[in-house]
Amino acid sequence: MSPNAVRQSVPDAGQLSTDGSLRHRPSRSPSPGLTLAAALLGFALITLDASVVNVALPAIGSDLGGGMSGLQWVVDAYTLAFAALMLSTGAFADRIGSARAYALGTVVFVLASAACGFAPDLGVLIGARVVQGAAAAVVLPASLALVRQAYADPARRARAVALWAAGGSVAVALGPVAGGALTTAWDWRGIFFINLPLGLAALALTTRAPRSRRRPAPLDLPGQLTAIVALAALAFAVIESGPVRVVAGAVALVSGSAFLLIESRAAHPVVPLGLFRTPTVAVAVAVGAAASVAFYGVIFVFSLYFQRVRGESALVTGLMFLPMTALIPATNVLSGKLANRYGPRRPMMIGQLVALAGLLLLLVPDEHTPTLLVAFLLIPLALGCALSIPALTAAMMEALPQERAGLAAGVLNAARQVAGALSVAMSGALVAGGFVPGMRMWLVVAAALFAGTAVATRRLR
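Take the position in the sequence shown, starting the count at 1, then add 1146; the result is the number in my numbering.
Just so you know, these hints were derived from the structure itself, not from any lab.
We treat Cβ as the ideally placed atom computed from N, Cα and C, and that holds for glycine.
Treat the hints with care, since some could be wrong.
[To be verified] Derived DEER-like restraints, expressed as beta-carbon distance ranges:
{"no.": "1", "residue 1": "R1454", "residue 2": "V1390", "range": "19 to 29 Å"}
{"no.": "2", "residue 1": "T1515", "residue 2": "R1246", "range": "47 to 57 Å"}
{"no.": "3", "residue 1": "A1308", "residue 2": "P1469", "range": "21 to 31 Å"}
{"no.": "4", "residue 1": "P1469", "residue 2": "L1257", "range": "32 to 42 Å"}
{"no.": "5", "residue 1": "V1392", "residue 2": "G1273", "range": "16 to 26 Å"}
{"no.": "6", "residue 1": "A1331", "residue 2": "D1267", "range": "20 to 30 Å"}
Could you build the full structure based on these sequences and the hints that come with them?
Structure below.
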């Protein structure tokens, strides 16, 4: 008998029991529940980091300096990287496998979070936030792909995807409160250090995820690069001033034009312009963008309002957002039920009108308005946005063939993130010249956007 044959005929030591009998070593088979937990935790983390930092901005400014423009970049560095790279990261995840992409994105996110927490100055913090946003753009599509492949049964898969989406809604609700609590109990750096154990937990859970097949997926690198340059330049043009604004505006115009030209000719564009020839898609993207302008701009502006104008602590500021954000998950569920019963157009319209009324109500607060009253005035806007988003997503999915649904969802999410980033840039620029007048001017602009999208929605069939 050959040595190889001898080795094959002898049981592995780990398979022998104490009495010499043969036993089977337990296998680590993929667990759908643990895969869902990993994906949900990762999605919640990256969603949380889009809003948790807002309440900590005054503390960051006090510690690292930088003025209003620096604080805007702390928020927008993450959001812009997230939005721009989300256009291609779905294809990237397909090429290397969603499990690998998720693990890679989570590792980079954890390391970038540590760099944010240890940042010695504002420049390092902003640079680390860019890396965080890039990692988040990889985690998001990979996490959803993990959920989809973990459940073979369509009904169980639909419930799992709903739970995954609910995790994002809960993270949005907890963001300001978590930011205020961590900043008060620990330090502003705590909002980044808390990502380390949570990210490592997500990685540990990923070891029980099923292996992901690699699939060929074309990447439109010229389109992706011009999109990054155009978005970054546009943000510079809004946030900065003087010659930088002029140069950045010119770069944004040239790179934006190049992007449109490339996308119109590319065989596999990151943003298929033909999608927008479908009226429902165009309106859904516009409504989603308007909702992000309103919601993320309000979180940014009123985080500063509560602390700089009203002198509240970070903890109190976070709690003031709780009446607003706590209703979002339940309202998302209600929107889905209304869309199933009456079609998506009706909850879209109701949501936009409620959000429009909420923006107009927020014109009331000034330097002397009771803080608790302002907290309750924030509620209508949150209800309106939470009613609109699930309904417009359903409308968009219904308007397109199934094979384009994932691409359309990526475009919608990217548009919402870009709109949120530009809202922070614009609102910050306006309040820098006088807080309450600038805040009101921005609210009027956001209300005008919602009025326009409501008219467009009404014309849909």
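Hints, verified against the model:
1. R1454 to V1390: 19 to 29 Å: holds, 25 Å
2. T1515 to R1246: 47 to 57 Å: holds, 51 Å
3. A1308 to P1469: 21 to 31 Å: Taking Cβ atoms as reference, A1308 and P1469 lie about 25 Å apart, which means the hint holds.
4. P1469 to L1257: 32 to 42 Å: holds, 36 Å
5. V1392 to G1273: 16 to 26 Å: Check passed, 25 Å falls within 16 to 26 Å.
6. A1331 to D1267: 20 to 30 Å: About 24 Å separates the Cβ atoms of A1331 and D1267, which means 20 to 30 Å holds.
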